[in-house]
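Note that our numbering has the sequence shown beginning at 5, numbered continuously upward.
The set of hints was computed from the structure by calculation and includes no laboratory data. The beta carbon of each residue, even a glycine, is placed where N, CA and C say it ideally should be. Incorrect hints may have been included.
Unchecked claim - FRET-style restraints, in silico, Cβ to Cβ:
1. THR89 with ALA27: 37 to 45 Å
2. GLU122 with TRP144: 32 to 40 Å
3. GLY79 with GLY109: 15 to 23 Å
4. GLU43 with LEU105: 27 to 35 Å
5. SER34 with LYS85: 34 to 42 Å
6. PRO147 with GLY45: 34 to 42 Å
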Amino acid sequence: MRMPLLFPTLLALGLGACATGPAPIRGEFSAQSPDQAREQGSANASVRWGGSLIAVEPDPTRTCFVVLSRPLSAGGKPIIKRETTDGRFIACRGGFYDPALFAEGRDVTFTGRVEGFEERQIGAFSYRYPKLAADVVYLWPEPANVPDPRYAFPYRSPAFAPWWGYRPFW
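Build the full structure now, drawing on both the sequences and the hints.
Here it is as structure tokens:
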């Protein structure tokens with residue numbers, strides 16, 4: 005009698021787990037993007053921003069990250085769309101973060117408060133970066149290098165597929 009409820013319950017729990025992000029970056033945050041913060045000049049907003057690392061600048065007391073902002077998924081992971089960006093921002097956190105691990109192009113998400121703005125040059129253009137005092141720095145794992153399943157074992161193995169010429173029969 006309890007068996008018919010088991011599958012829907014497990015399905016609901018499994019789908020619920022997919023909808024949430026990692027524990028360190030969960031919470032309630034302002035929907036303000038870095039571009040909106042830069043234009044409105046608003047500080048002290050609690051935000052969750054993320055994107056692709058452009059540069060990592062460690063100094064003796066803290067590390068600052070220059071980030072090309074991207075829209076975030078419901079779980080907080082940056083959505084990679086080459087034509088879409090929310091501007092740029094700088095996030096700083098106390099301590100040392102290794103630039104070899106936090107390499108250019110890696111996906112990262114930060115939570116914290118907007119503490120102000122900093123003018124920097126991008127080529128000959130002066131750009132006003134929102135500066136984030138980060139509480140959490142979350143480096144997303146690099147995607148695994150998964151082989152194309154069409155060419156994976158056993159299709160290229162003569163021991164298992166000699167009768168169809170090393171290709172699937174369909």
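Verification of the hints:
1. THR89 with ALA27: 37 to 45 Å: violated, 27 Å
2. GLU122 with TRP144: 32 to 40 Å: With a Cβ separation near 25 Å, GLU122 and TRP144 fall outside 32 to 40 Å, so the hint is violated.
3. GLY79 with GLY109: 15 to 23 Å: holds, 20 Å
4. GLU43 with LEU105: 27 to 35 Å: Holds - the Cβ-Cβ distance for GLU43 and LEU105, about 33 Å, lies within 27 to 35 Å.
5. SER34 with LYS85: 34 to 42 Å: Cβ of SER34 to Cβ of LYS85: about 22 Å, so the range 34 to 42 Å is violated.
6. PRO147 with GLY45: 34 to 42 Å: holds, 37 Å
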